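Just need the whole structure built from these sequences, with the hints factored in.
Just so you know, the sequences run in chain order S and Y.
At position 334 of the first sequence (counting the first as 1) the number is 466 in this note's numbering, and the numbers step up by one without a gap.
At position 243 of the second sequence (counting the first as 1) the number is 316 in this note's numbering, and the numbers step up by one without a gap.
Note that these hints are calculated values from the structure, not bench results.
All values reported here derive from a predicted model rather than from experimental measurement.
Incorrect hints may appear among the rest.
[Stated by the list, open to error] Interface residues of chain S toward chain Y, partial, derived using beta-carbon atoms under 7 Å:
hint : residue
1    : 227
2    : 249
3    : 256
[As the list claims (entries may be wrong)] Derived pair list, reagent style DSBU-like, types lysine-lysine, alpha-carbon separation capped at 35 Å:
hint : chain 1 : residue 1 : chain 2 : residue 2
4    : Y       : 338       : S       : 265
5    : Y       : 407       : Y       : 381
6    : Y       : 338       : S       : 307
7    : S       : 229       : Y       : 354
8    : S       : 259       : Y       : 338
Cβ atoms here follow ideal geometry from the backbone N, Cα and C, with glycine treated the same way.
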Amino acid sequence: MRINSKFKFTWNGFKINKQQMRPEKVRLIHIRMTKAMCISFAFLFSQFTYAELNIFTCEPEYAALAKELAPQAKIYSATTALQDPHLVQARPSLIAKMRRADLVICAGADLEVGWLPMLQMKSANAKVRSTDKGLFFATEHIDTLDKLTQVDRSMGDVHGLGNPHLHFDPQRLLKVAQALTVKLINIDEDNASEYRQGLKSFQQRWQTSISHWQSLAEKLDGKKVIAYHSSFRYLFNWLGIEQIADLEPKPGLPPTSRHLAKLLKRATQGDIGAIIVASYQDERGANWLAERARLPILVLPMSVGGNENSTDLFELYHSVISLLNSSLASSPSLDQAQQVGAK
Amino acid sequence: MKELNPHCYSLFLATSLLLPSALAQDSSLSNPSISAVLDGYYQNTDRPLAERQAGFGLGETELALSANIDELFFGKLTTVIESHDGESEFTLEEAFIQTTALPAGFGIRAGRFLSDIGYLNNQHLHTDAFTARPAVYRAFLGGHYFDDGIRLNYLAPTDLYWSMGFEAFKGESMKAIDEHNERDFKDTGIYTLHTKIGGDIGISSSWQLGLNYLRNENGRLSPFEEEEDEHDLDVHQTHDEHSHSASYTGENTYGIDFVFKWAPKGNYKYNHLAISGEFFKVTDFVADDEHEENHDEHQNDSLAINEKDYHQGWYLSSVYQFSPNWSAGLRIGKIDTQSLHDAHFESQQLKETELSIAWHSSHFSTVRLQYTHQSTNNFDNNDAANFDSNVVTLQYVMSLGAHNAHQF
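Here it is in structure tokens:
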């Protein structure tokens, strides 16, 4: 490592000093000064010659994915699972982190449009400005759901590029992992074999887990829920859960009382199993509706770190399916509800 | 700026014609982001140094166009149309290029742009939580200071955010008053040095602290000539508002600014708090000329009377968002300036206490009701009587088109 060579250089310089300086006190001071200089040099140069890859991710799911593929890398996530990734402050700490990043991984599809461009502008880091280099948008490597050909703000805060919350689709996430591995190899060829190894290991464990999860979630197929935003669009799509209604009147807008009243009317039909809210979403609207419609509220971790159990991607999936099972599996499906009604 | 330049106007028309077609697409690296800001208001009375006049009016109507030019440059054009006394004023607020690929954390911006001095200055007016900039900005920076020049910026590769910048500007709007148009101003009038540091405290809080220095080569007052000028001088000062010129200038300006933001668990969607404050001190405004000896007595006299040879001002602002739909802000601020009257400098103060409540139908629209209590002490002498101490403003600010990223 280059840090060591800096040390050597300075120690050689110190030896010359030692021969020239006779009095003990002066020597002691010199030793101290040289030590201090060594430390400050090492500190200074450690900033520039960091051997590890610096990875900056917009959301925690991509930090977790990067950790699977590049366990040696220094990974920082700009947001936690308790923060809404649509609304993030382009704050100084994030600018400083992006300044030193070799790779930036974000969902894309305009999810971070309100803050990522500002971070890029302010962090003055040419390496991570374009997807040709150290910028990676997950949604560019898969087919997003709900693409829109016509976008109008009267539709709410929607984006034509489709739903960006793709990390709850295991197959799509695997595709992203493959593309990310290619990117990692592109920007850090020296460690290519490690990244390939990382992907191989992840792919194996992931495939096994997918079939496990699918068998666990069997009973969830056909269940109906009310949820907040389209946060779990891919999860529901995968498991066959139907989101009957959205707590948001329009994407990005908080629940209004008029809209909630409409949902309450819908909920009385008896086929809805639960109200689902993500870990960063306000529960007040859901509480209001749950109380009146006598429905359970389920707070699902939006990402890794969203609850105690979700320590990595595998645990996140496991936790989400367990939670869904706990309150949905026994809820009436549409057929059962109709039968109850008929009786 | 004051006249409607036909070339600029046609450019504006061209960009506005572009708008519908470009809106349909998503902005990306290849497509320019186009956005417009609409700002309208009703205000019951006038405020000193402020742009909004009593009655119904339009604030800054903004049309902005930005995109990466190529791999190395980013460009932005912001045009602003303001209406004053029945006339539309067309202003080019930003027209700059910015390097995007310089190594080692360096960046260069050239053209016309907002100076990085202070906390608020480089932010666009429509993102403010109040209807007007604090008095200290209106007095010393002409509301918001943009100019033609160049900036060199450096961001240190440290965990603690640490940026440094140097700017040089033409300084047209920061020139001291020149009654007879015969003063030999320097072509490059403004130099600024600024540094900002910042970081997070835990997961919920973030902060930033800035230090600023602005050198104004043309900031000293013009040599005092004849007694009869003083009245004109005063009138000139108060009539200069709409041209975004600084009303009080000096050779050296020092500033410090801070901002602290908090949101529960760092989640800004539902609730958050922003506290910010700035302090500016403008010194060395007394004319420094070859007739100094003749006027020595005068100036010594005048300075002896109020013992202040500087202007200064500050504000402290606190804005809280209760819910995605509602936010409220409280801001207090004061300026303390010296105005030339009868060859004497007289101390004058303007103090403002402001309360604003805003309703946000979405992230893109705001309707704001603001109450301002302003108290003036000796402010611009003759006009003092004109200022009502209670100001009520009802304003809307809405943006359409591209979703522009906001600064911290």
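Hint check:
1. 227: Holds - the Cβ of residue 227 (chain S) comes within 7 Å of chain Y, reaching about 6 Å at its closest.
2. 249: holds, 4 Å
3. 256: holds, 5 Å
4. Y:338 - S:265: This hinted pair holds, its Cα atoms lying about 33 Å apart.
5. Y:407 - Y:381: holds, 16 Å
6. Y:338 - S:307: holds, 32 Å
7. S:229 - Y:354: holds, 33 Å
8. S:259 - Y:338: The hint holds at about 30 Å.
This entry satisfies every hint, going by the numbered hints stated previously.
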